[in-house]
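**Q** From first to last, the protein sequence lines are chains A and B.
The opening position of the first sequence corresponds to residue 140 in our numbering, with each subsequent residue numbered one higher.
The opening position of the second sequence corresponds to residue 140 in our numbering, with each subsequent residue numbered one higher.
Among the hints, erroneous ones may be present.
If chains are identical, the list can't say which one is meant, so a pair holds when it fits in one copy or spans any two.
[To be verified] Keeping only pairs whose Cα atoms sit at most 20 Å apart, straight-line, the calculated EDC-like set for lysine to aspartate or glutamate is:
hint, residue 1, residue 2
1, Lys231, Asp148
2, Lys372, Glu449
3, Lys372, Asp442
4, Lys372, Asp448
5, Lys386, Asp448
Just so you know, these hints were derived from the structure itself, not from any lab.
Being a predicted model, the structure only gives us computed values, none of them experimental.
Protein chains: 2
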Amino acid sequence: MPGPPCLQDLSPKWARFCLGIERFSRQILGRSFAQATCVLGLSGGVDSTSLLAIAAMLCHRSRGSLVAVHLDHCLRAESALDAAFVRNTCEKWDIPLVEERIDVGRMARDQGCGLEEAGRRARYDLLERVRQERDAQIVLLAHQLNDLAEDQLMRLVRGTGWPALGGMAAYDPERRLLRPLLLTPKAVLEDFLNAVKHPWREDTTNAEPCATRNRVRLDVLPSLLRENPAYLKAAARLWRQARIDQKHWDATLHAALPKPAPDTQEGERSLSSTLLSESSPPLRLRLYKSVLDSLGPGQSQCDALFRLDELWAMGVCGKTIRFPGDKEARIGKAGIRFRVIDRKKECG
Amino acid sequence: MPGPPCLQDLSPKWARFCLGIERFSRQILGRSFAQATCVLGLSGGVDSTSLLAIAAMLCHRSRGSLVAVHLDHCLRAESALDAAFVRNTCEKWDIPLVEERIDVGRMARDQGCGLEEAGRRARYDLLERVRQERDAQIVLLAHQLNDLAEDQLMRLVRGTGWPALGGMAAYDPERRLLRPLLLTPKAVLEDFLNAVKHPWREDTTNAEPCATRNRVRLDVLPSLLRENPAYLKAAARLWRQARIDQKHWDATLHAALPKPAPDTQEGERSLSSTLLSESSPPLRLRLYKSVLDSLGPGQSQCDALFRLDELWAMGVCGKTIRFPGDKEARIGKAGIRFRVIDRKKECG
Chain A
140 MPGPPCLQDL SPKWARFCLG IERFSRQILG RSFAQATCVL GLSGGVDSTS
190 LLAIAAMLCH RSRGSLVAVH LDHCLRAESA LDAAFVRNTC EKWDIPLVEE
240 RIDVGRMARD QGCGLEEAGR RARYDLLERV RQERDAQIVL LAHQLNDLAE
290 DQLMRLVRGT GWPALGGMAA YDPERRLLRP LLLTPKAVLE DFLNAVKHPW
340 REDTTNAEPC ATRNRVRLDV LPSLLRENPA YLKAAARLWR QARIDQKHWD
390 ATLHAALPKP APDTQEGERS LSSTLLSESS PPLRLRLYKS VLDSLGPGQS
440 QCDALFRLDE LWAMGVCGKT IRFPGDKEAR IGKAGIRFRV IDRKKECG
Chain B
140 MPGPPCLQDL SPKWARFCLG IERFSRQILG RSFAQATCVL GLSGGVDSTS
190 LLAIAAMLCH RSRGSLVAVH LDHCLRAESA LDAAFVRNTC EKWDIPLVEE
240 RIDVGRMARD QGCGLEEAGR RARYDLLERV RQERDAQIVL LAHQLNDLAE
290 DQLMRLVRGT GWPALGGMAA YDPERRLLRP LLLTPKAVLE DFLNAVKHPW
340 REDTTNAEPC ATRNRVRLDV LPSLLRENPA YLKAAARLWR QARIDQKHWD
390 ATLHAALPKP APDTQEGERS LSSTLLSESS PPLRLRLYKS VLDSLGPGQS
440 QCDALFRLDE LWAMGVCGKT IRFPGDKEAR IGKAGIRFRV IDRKKECG
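One chain only, chain A, in its complex shape:
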């Protein structure tokens, strides 16, 4: 298949598959990425190589354009081979490629973070730089359904609540990241590349994965897949349900949340008794969290939010609950007053 890959060259099954990927992105984004200018993070693994082929075909069909970006992390001896593979693929398919090398090991030492974190930062920084240089609208990432299932389990282990438990977003508007393959199993991507007779690089992990992620990937997820061979479908359903609930709560919160009054002091917010008594318990918990988050850093813990709501529902007045980041909530007759404690003042 010399020259860019073409939708017409595919069997009907795989052509439908590619159009399904485009339809998913349209559901998520409201429009197809294939009409835009896209930057694509390309490692050479099965996920990003599939996405490159799919995106190239769809962009070609819809007059969008595509730039591939490869970052050599300089962490493994084979990384030069990965880079060569990526270069060959892009040449064969006539896709512009931006290549960079970064010594991620040194970066991790300099910044005092782990290899995985340093690698991620370097990749996202590069993608964003290329996006701006090329005036691109979208950054395409190749996370697939197995990654999503793994992400859900990581969140479960960490104690993440609903709907965040449903896993990573298909679109991150702030960083313009789109994950068109998020509901596609990895095995389907392997079948696809085999069908178009294009190879990929195995085991292109860019950095040593963190121990927990490794064990979730190699131990927990395979266990669940053994117990329920349709587990990936279940993970996709959970993601869809979480997305629906997330949108609902975002909209409800947005409609309910009062703008800070003009005379409000900085580091202070209030929720009135009227608003609180008109709100359902799940909305109240989200109101507390949103107001506390708006006061600055320090993640408010679920248990403390439950406790605050319990006290509020019992009509306890004058009680104060402390939250991380030197924040507190004080229950009064008029409602709940949230504020950042000014330590200097308190001591002085």
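We have chain A already, so just place chain B on it with the hints.
**A** Frame of chain A, contents of chain B only:
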């Protein structure tokens, strides 16, 4: 410690622990079980033996009463030893005991079900019979936080959605089952029985657990606990959040769901366009499910509900979606009509 165990004999720490168990049941039930007549399922394991001691003390203090129920499943050679242990414990603490023996193996063969299922049926039937005979209000079960975490994982494996993913209920009003230990880790119950110097029977599984449950218990849950030693706390938080969301959706659904019109044919229900367009997407999905469930057996799958809502939101008219149990939903101008397909009529 001859005679019934007594709260005053405990250290302050364990007395507070017992009062915490009572407080939890008051949150769940609106009143304390310790003022009622309770039936308690007693296997002789650490969970039910702890619950017996705790319930005996609390009932003694609040003038409730307690009957223990033990079922010998006749599945293991040691089951007679379990029965003897249970008898001794109840004699020592002066608690009435109802003992029965059932050949669960034969029951499973007769009813054509698994040993675990047969054992569960036999136990719940016996508990309900004794509850009625003794005119008791509550059946106490000893499920604890490790059981809850295991139940959440079982539900995750099976593809259960939110909020059911949060795990088993602390109270089942239909069968009057109360689980006062649901947020207490098993290790705390072991510490408690050690503190009151009372033994328990190890490994009193009443039937061969199903293979998946076994692997979740012995493999997946320990993995998650290794990754996050505070995982049980996370499981308890997830349960609390699910309970809050469940209550919210139950109430919202109850308020929104129209009574079937008097002229509605049996096996038929409708949801009007007005209602649907006023409802949020998560409420719509719950409305579909509730109406479909009311039409008889056959579990409606999440994916089909998503599809129905997608079509409705797109304004597609005349489209019909089939659901398990010979049910269908037809989208029309006036709304969605749900009905059971009369196969005889269709063919005749």
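**Q** Each hint should be assessed against the structure and marked as holding or not.
**A** Results of checking the hints against the structure:
no.	hint	verdict
1	Lys231 x Asp148	within (15 Å within a copy, 82 Å between copies)
2	Lys372 x Glu449	between (37 Å within a copy, 18 Å between copies)
3	Lys372 x Asp442	between (32 Å within a copy, 10 Å between copies)
4	Lys372 x Asp448	between (36 Å within a copy, 19 Å between copies)
5	Lys386 x Asp448	between (23 Å within a copy, 15 Å between copies)
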